[in-house]
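So the chains spell out like this:
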Amino acid sequence: MKYPKSMLLEMLKKMMEIRYFEEKVVDQYARGAVPGLAHLYIGEEAVAVGACMNLTDEDYITSTHRGHGHCIAKGGDLKPMMAELFGKRTGYCKGKGGSMHIAAFDKGIIGAMGIVGSGGPIAVGAALGIKKQNLDRVVICFFGDGASNEGATHEAMNFASLHKVPVIFVCENNLYGISVAQHRHQAIKDIAIRAAGYAMPGVVVDGMDVLAVYEAVKEAVKRAKSGKGPTLIECKTYRFRGHHEGDPNLGLRYRTKDEIEEWKKRCPILCFKEKLIKEKIAKKKEIDQIEEDVKRRVEEAFVYAMQSPFPKPEQALEDLFA
Amino acid sequence: MTKMRELTFREAVVEALDIALERDPKVFLLGEDIGYYGGLFQATQGLMQKYGEDRVMDSPISESAILGAGIGSAIVGMHPIVEIMNIDFLPVCMDQLVNQAAKMHYMFGGQMKIPLVIRTTCGAGRGGAAHHAQATHAAFMHFPGIKIVIPGTPHDVKGLLFTAIEDENPVLFIEDKMMYNLKGEVPEGYYTVPFGKAAIRHEGKDITIVATMRMIHKALTVANEMEKEGIGIEVIDPRTLCPLDKETILHSFKKTGKMIIVDEGNRVGNFGSEVASIIAEEAVEYIQAPILKVTAPHVPVPYSPILEKEFYIPNEDGIRKAIHKVMEYA
Amino acid sequence: MAVEVVLPALGLTVEKGTILKWIKKEGEVVKKGESLYEVEADKVTTEVESPASGILKKILIPEGIEVPILTVVAVITDPAEPLPEKYRSMEILAPPQIQEPLREVTPVSFEIKALPAARRLAKERGIDLSLIKGSGPGGTILLKDVESFILRGVQTGQKVLVTPTARKLAEREGISLSSIKGTGISGRIMKADVMEAKVLPMPSPESKPAPAGIKPLPVSKYQLGQVIRMNSMRKVIAKRMAQSKFTAPHIYFFNDVDMEKLLTLREEIVDEWERDEGVRISINDFLIKAVALTLREYPIVNSMVSGEEIHIFQEINIGLAVAMEDGLIVPAIPKADQLTLIEIARYRADLVERAHQAKLTIEEMERGTFTISSLAQYDITFFTAILNPPQSGILTLGKVEERPVVRDGQVVIRRIMREGLSVDHRIIDGAVAAQFLQSLKKKLEKPYYTFMIR
Numbered sequence: 001m002k003y004p005k006s007m008l009l010e011m012l013k014k015m016m017e018i019r020y021f022e023e024k025v026v027d028q029y030a031r032g033a034v035p036g037l038a039h040l041y042i043g044e045e046a047v048a049v050g051a052c053m054n055l056t057d058e059d060y061i062t063s064t065h066r067g068h069g070h071c072i073a074k075g076g077d078l079k080p081m082m083a084e085l086f087g088k089r090t091g092y093c094k095g096k097g098g099s100m101h102i103a104a105f106d107k108g109i110i111g112a113m114g115i116v117g118s119g120g121p122i123a124v125g126a127a128l129g130i131k132k133q134n135l136d137r138v139v140i141c142f143f144g145d146g147a148s149n150e151g152a153t154h155e156a157m158n159f160a161s162l163h164k165v166p167v168i169f170v171c172e173n174n175l176y177g178i179s180v181a182q183h184r185h186q187a188i189k190d191i192a193i194r195a196a197g198y199a200m201p202g203v204v205v206d207g208m209d210v211l212a213v214y215e216a217v218k219e220a221v222k223r224a225k226s227g228k229g230p231t232l233i234e235c236k237t238y239r240f241r242g243h244h245e246g247d248p249n250l251g252l253r254y255r256t257k258d259e260i261e262e263w264k265k266r267c268p269i270l271c272f273k274e275k276l277i278k279e280k281i282a283k284k285k286e287i288d289q290i291e292e293d294v295k296r297r298v299e300e301a302f303v304y305a306m307q308s309p310f311p312k313p314e315q316a317l318e319d320l321f322a
Numbered sequence: 001m002t003k004m005r006e007l008t009f010r011e012a013v014v015e016a017l018d019i020a021l022e023r024d025p026k027v028f029l030l031g032e033d034i035g036y037y038g039g040l041f042q043a044t045q046g047l048m049q050k051y052g053e054d055r056v057m058d059s060p061i062s063e064s065a066i067l068g069a070g071i072g073s074a075i076v077g078m079h080p081i082v083e084i085m086n087i088d089f090l091p092v093c094m095d096q097l098v099n100q101a102a103k104m105h106y107m108f109g110g111q112m113k114i115p116l117v118i119r120t121t122c123g124a125g126r127g128g129a130a131h132h133a134q135a136t137h138a139a140f141m142h143f144p145g146i147k148i149v150i151p152g153t154p155h156d157v158k159g160l161l162f163t164a165i166e167d168e169n170p171v172l173f174i175e176d177k178m179m180y181n182l183k184g185e186v187p188e189g190y191y192t193v194p195f196g197k198a199a200i201r202h203e204g205k206d207i208t209i210v211a212t213m214r215m216i217h218k219a220l221t222v223a224n225e226m227e228k229e230g231i232g233i234e235v236i237d238p239r240t241l242c243p244l245d246k247e248t249i250l251h252s253f254k255k256t257g258k259m260i261i262v263d264e265g266n267r268v269g270n271f272g273s274e275v276a277s278i279i280a281e282e283a284v285e286y287i288q289a290p291i292l293k294v295t296a297p298h299v300p301v302p303y304s305p306i307l308e309k310e311f312y313i314p315n316e317d318g319i320r321k322a323i324h325k326v327m328e329y330a
Numbered sequence: 001m002a003v004e005v006v007l008p009a010l011g012l013t014v015e016k017g018t019i020l021k022w023i024k025k026e027g028e029v030v031k032k033g034e035s036l037y038e039v040e041a042d043k044v045t046t047e048v049e050s051p052a053s054g055i056l057k058k059i060l061i062p063e064g065i066e067v068p069i070l071t072v073v074a075v076i077t078d079p080a081e082p083l084p085e086k087y088r089s090m091e092i093l094a095p096p097q098i099q100e101p102l103r104e105v106t107p108v109s110f111e112i113k114a115l116p117a118a119r120r121l122a123k124e125r126g127i128d129l130s131l132i133k134g135s136g137p138g139g140t141i142l143l144k145d146v147e148s149f150i151l152r153g154v155q156t157g158q159k160v161l162v163t164p165t166a167r168k169l170a171e172r173e174g175i176s177l178s179s180i181k182g183t184g185i186s187g188r189i190m191k192a193d194v195m196e197a198k199v200l201p202m203p204s205p206e207s208k209p210a211p212a213g214i215k216p217l218p219v220s221k222y223q224l225g226q227v228i229r230m231n232s233m234r235k236v237i238a239k240r241m242a243q244s245k246f247t248a249p250h251i252y253f254f255n256d257v258d259m260e261k262l263l264t265l266r267e268e269i270v271d272e273w274e275r276d277e278g279v280r281i282s283i284n285d286f287l288i289k290a291v292a293l294t295l296r297e298y299p300i301v302n303s304m305v306s307g308e309e310i311h312i313f314q315e316i317n318i319g320l321a322v323a324m325e326d327g328l329i330v331p332a333i334p335k336a337d338q339l340t341l342i343e344i345a346r347y348r349a350d351l352v353e354r355a356h357q358a359k360l361t362i363e364e365m366e367r368g369t370f371t372i373s374s375l376a377q378y379d380i381t382f383f384t385a386i387l388n389p390p391q392s393g394i395l396t397l398g399k400v401e402e403r404p405v406v407r408d409g410q411v412v413i414r415r416i417m418r419e420g421l422s423v424d425h426r427i428i429d430g431a432v433a434a435q436f437l438q439s440l441k442k443k444l445e446k447p448y449y450t451f452m453i454r
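Keeping their order, the protein sequence lines are chains A, B and C. First residue of the first sequence? That's 1 in the numbering used here, and the numbers climb one at a time after it. First residue of the second sequence? That's 1 in the numbering used here, and the numbers climb one at a time after it. First residue of the third sequence? That's 1 in the numbering used here, and the numbers climb one at a time after it.
Hint data in this document are derived by calculation from the structure and do not stem from the laboratory. Please note that the accuracy of each hint is not assured.
With a straight-line cut-off of 25 Å between C-alpha atoms, the simulated SDA-like cross-links for lysine to any residue are [as the list claims (entries may be wrong)]:
id: 1; chain 1: A; residue 1: K295; chain 2: C; residue 2: E34
id: 2; chain 1: B; residue 1: K205; chain 2: C; residue 2: T140
id: 3; chain 1: C; residue 1: K235; chain 2: C; residue 2: N255
id: 4; chain 1: A; residue 1: K265; chain 2: C; residue 2: T140
id: 5; chain 1: A; residue 1: K5; chain 2: A; residue 2: K280
id: 6; chain 1: A; residue 1: K295; chain 2: C; residue 2: E49
id: 7; chain 1: B; residue 1: K325; chain 2: C; residue 2: R120
id: 8; chain 1: B; residue 1: K246; chain 2: C; residue 2: R120
id: 9; chain 1: C; residue 1: K43; chain 2: C; residue 2: P62
Take the sequences, apply the hints, and build the full model.
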């Protein structure tokens, strides 16, 4: 394979981090330790990891309500992330953001927006700022198939393409806008074709294949940094969990068990693991070692979050300027 | 000693933006028709020609993109001044304003600053009708995380604009479009007018009138009349709604015990309602008369000049009536 | 390691769920992610996944039971691991019954209308706002009303009673009528009052110097000791008593009544009447009847002063002073002269009972035209009473006691009660009062005659 082994194993590790982090969230949400809502990324790990593998800490991303994966892939530390989900003072946002609003500005994570489609204009703004300051950076705007129908997304794409700002629109098409299947919320199959309306490239990739995503985004980053403007990359993917924890039977009100099982066979982590072993890039033992290490670190993050203090009530007024 | 000369409110805005663009390369303007056209109200007149399209950017008619571009670029180090042509258009990008710009600093635990100025215009009187003339400034007071500036004089609009640009948080800067031709003394060069410091425009001992934007001048006309009748009116211009100078308002009220708020916003949830609430909470023992609001009625801005000027816009006569009613308790 | 299976948090609104079915049975091997059981919550059935791999060692909540979310419903252990001790004795707890708290209805009362600024000043100076009449819209008390009240140091607002001559004089001399204290009827300002006000400036209470050689006592706010705020009943009593005492010049009359026959009469009938009529007749009932009959003979005693007129009441309604824990109220028996003793007894019993339950109507408390106040249950020989305005007469009753008296030249022991009468001397002369009292005495001393025929 043409990629360095270290990078491939890093990709696997990141995907596992997301997976095990969120499985812990599943368990802790059920046990009432995670207040609010938890929208999980399980199944979609290849998108965030494949995309962010192209970025450095200096580059930016905007994220969504389903943002844990983006944050981990972009270098977010598991401990303050878990603490944030638990509403603790030691969380990335001091317990004020929660699951839907994690930001880690030192890692270039501008923040996760709970409003569908809100990230687009802000990502474009960040890219405009990069362009105006002649910085060698890009912005990735993660959004979903649901957000592809929001006006703000289209305003953002038009603006970005017009001013050729270094932004990449990564659409995670997981086939459902909450509970509404794609064919019931838009007349098109490939969201990528909308790029044509803004005179930018539109690419469809297999969102379950971390390397496919990596390649597509790599090309887009090159294009953005050379001043040619944005790219729309549509990643076909699937969430294995419900819309959020508590969505009954993992969403069986609007999708079938067979469909879920079919997609699970294409699990990005399972497939990538097999590929690495099959192509003799890594031994199973080596991979098991990585997996155990990830599990241990997730457990450490959990303990850290559990043991962290809650904010004091009066700290609700911190970081308020008006 | 700074030299003073008479400028219109509009000229003061242009001059402030000009100086801001000159002083700081991180400042840029973005908005609808602000470049070649010079702004719908000519408040960016000549700036594109002077600073180029990169720094005075005409934008698509995309309010969410304008505001988002402002937020994002501010986060990564720029000092954007974006313009939403009319305050009536802000609901189009309400999400970007009240959910994102206002909340990001807080909900992300203070990790980033958003030094963004959002200029917009309000006010009826030119037949703007329902979508181009409302005065909805008070509505934004409801959202923590937005500073709100409502300049009342050419002097203040310039000084407050500099303060807004210096601020590292989102500022909603509202210009009363009916004041653009108002003339007044304006110092040359750079100076700031602080946020959260009200101006007492007229002193008096009998009634406190808190008036905003153009209504300040209507209140002053009546205050001068009343002086001849022996009724002392204290006219206060809050200058900024957020932060609000409660201290000056309460101090004056404790002196007079009578309060009238004159504000062009619609009647329900008016800025005056908040002033009345502050008094009820913090100075109830000083109330000597009903607290009255002179506001636009609770209807959308009507189009016909008769409806707009005679009925909708609060006027001197309304202020006089309120004064007489309050003086029944004197 | 044992892992607890909980009824999971199922979204934002679910608070409890019913376990419909255990898909896995106790002792079965389970894998993480496999469905363990079905729960129904908010009409939706959800399969709950196993949080761990191992043996479903113990099911704690059986099918069909509803439990709150986060309840531990089962335990999963490693294959060889025994069930930890703490789960062995676990029992299902009945869900707690939530009782609706009783809501108390607060009665609405309308207070005095006054501006907040006026209230503040009145409070600071300890002024009762009910003494001030508001000059603002709708009678609202304005700040200036309180200020002028303080300045004048007297009651403003209320309509000033003044004679025409006095008014003219005051106007001519430029003296504010509200600054003059009237000495006429009901405080009416007379010409003399105005003249006096013209000559004498109002003395200031603070300006009086202490006599030489006397060290003034240090004035401390603690000197007052306990301060008791008057309740509304006390305020009314205070106001009315002062008004009565300083308006109506009282005169007092007393005589002794030989109660022997009346008491004997009562003793003879009281038990049988109670059996037949269901009410126990008291001495007071006889007195009420007797007083009512006497008032019929002396209508002037059943009257009130109104300006320069005397209004004779049409009805004879006898008020009975009833002592309460924190004051006194005077419910009245209407048209007592026309009622039989039994009717009076029933009325009296009912009014007294309801007085103690605070269930009297205002009408019952205000209709009295003459009052009887009895302290017979105390060791009080006689006492004087202040008229209950606007009434002009009040009868006081001391205790009945055995005394030696002379009857037919012999000293005998008789049960004697001393009765007193206070009247408004403006309209009731001494002779009239004396005749009234004498007539009453006669009635009480000849009870068969008095009560048999009427």
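A quick look at each hint next to the structure:
As the CA atoms of K295/A and E34/C are separated by approximately 20 Å, the hinted pair is consistent with the 25 Å bound. Restraint check for K205/B and T140/C: satisfied, since their Cα atoms lie roughly 22 Å apart, inside the 25 Å limit. The suggested pairing of K235/C with N255/C is violated, with an alpha-carbon distance near 33 Å, which exceeds 25 Å. For the proposed pair K265/A and T140/C, the alpha carbon gap of about 81 Å is over 25 Å, so the pair is violated.
With a C-alpha separation of about 10 Å, the suggested pair K5/A and K280/A falls inside the 25 Å cut-off, and the hint holds. At roughly 20 Å between alpha-carbon atoms, K295/A and E49/C fall within 25 Å of each other, so this suggested pair holds. Taken as a hint, the K325/B and R120/C pair is honoured in the structure, with Cα atoms around 22 Å apart against an allowance of 25 Å. Taking the CA atoms of K246/B and R120/C, the gap is about 21 Å. The hint holds against a cut of 25 Å.
Among the hinted pairs, K43/C with P62/C is consistent with the structure: their alpha-carbon atoms are about 19 Å apart, no more than 25 Å.
Checked against the numbered hints given earlier, this structure breaks hints 3 and 4; the rest are met.
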